[in-house]
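Engineer: What follows is the residue order along each chain.
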Amino acid sequence: MKLDELKAIREKAADKIAKRNADASQSEWKIVVSMGTSGILYGARDILKKILEEVESLELNVLVTQSGSFGLDDIEPVCAIYHNDEKIVYGKLKPEMIRELLETQIVNGNILTSYRVAVPGDIGNKPASE
Amino acid sequence: MYELSLFVLDLVQNSITADAEIIKIWLFEFESENLVTITVADNGKGMSKEVMGKAVDPFMTSKTERKKKIGLGLPFFKQLIESCEGKFRIKSKLGIGTVVTGSFPYSNVDQPPVGNLEETILSLVIANPGIDFRYTRRNDKKEKIFDTRPVRKMLGSDAEIMWQSSELMEWFRNELIES
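Residue numbers (the working numbering), protein chains in the order written: chain A, 1 to 130; chain B, 1001 to 1179.
Honestly, the hints are just simulated from the structure, not real lab data. Any given hint could turn out to be false.
Once the Cα atoms are required to be at most 16 Å apart in a straight line, the calculated EDC-like pairs of lysine to aspartate or glutamate come out as [said to hold, decoys possible]: (1) A/Lys12 with B/Glu1031; (2) A/Lys16 with B/Glu1167; (3) B/Lys1153 with A/Glu103; (4) B/Lys1153 with A/Glu5; (5) A/Lys94 with A/Glu28; (6) A/Lys16 with B/Glu1160; (7) A/Lys2 with B/Glu1160; (8) A/Lys2 with B/Glu1170; (9) A/Lys19 with B/Asp1158.
Sequences are here, hints too, so could you generate the full structure?
Structural biologist: Below is the structure:
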């Protein structure tokens, strides 16, 4: 392992993190991909990979992570996008729609209604404000 | 599922759900001994004897948050391993962790392709900033080891915040895939 390189990476990334922390207007986003057996069967691995790539390419400040099955096996692959106390769930994901999803939901702050799934705890259950 | 790497992903998700702090994955492919072994071990919360007996039963799951309680991950893996004349083993202890192993002949016609295991591990590492991974792949000629613990030690308290920075993700990619 080339651990020496990590020192440089740490210094480089530290600047970015400091800048990000200083910008208090940026609120926390989190994307969770459902990675249960059925999710994996329907391609959740590729969805997670694509989300990681697009978050990087759009330079978004988003934590991307995975969890066990959401119990929405009929509409896998599924991800939930969290923003402050809000949770929005998207289903039947395909790698080619991830960029549009991130741009609509995170960059522009709008719900991509065509792929949204209404589940308990999802703000989609409330009348949409848009 | 058609790739061994997808089964590994499924097994690792079990470990994550069991609150593991470190997950170790081994893939041994020994042509000389006609043996392939895949192992996933974690230090998660483990299972009691009673639960472990049921772990390979498709109608058993640890999921509590919903009514439908079915878990097919381990039964699928067991079925795959046994379908290529292999041996499936699971060991678990409450509070200690769980080890799942599948081994089968190298030359079996029914054996699934390994698939892109390094790419799978890379996603796992990046998407789980709080968990350490150790991955070992060995065959007759060479051995490759990837471990996140020295990385975490090197980065200190900044590790988790830095984990998904493009610089660190690139470094993980280089270590796992390109080297």
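Engineer: Are any of the numbered hints broken by this structure? If so, which, sorted upward?
Structural biologist: Going through the list in order, the structure violates hints 1, 3, 5, 7 and respects the others.
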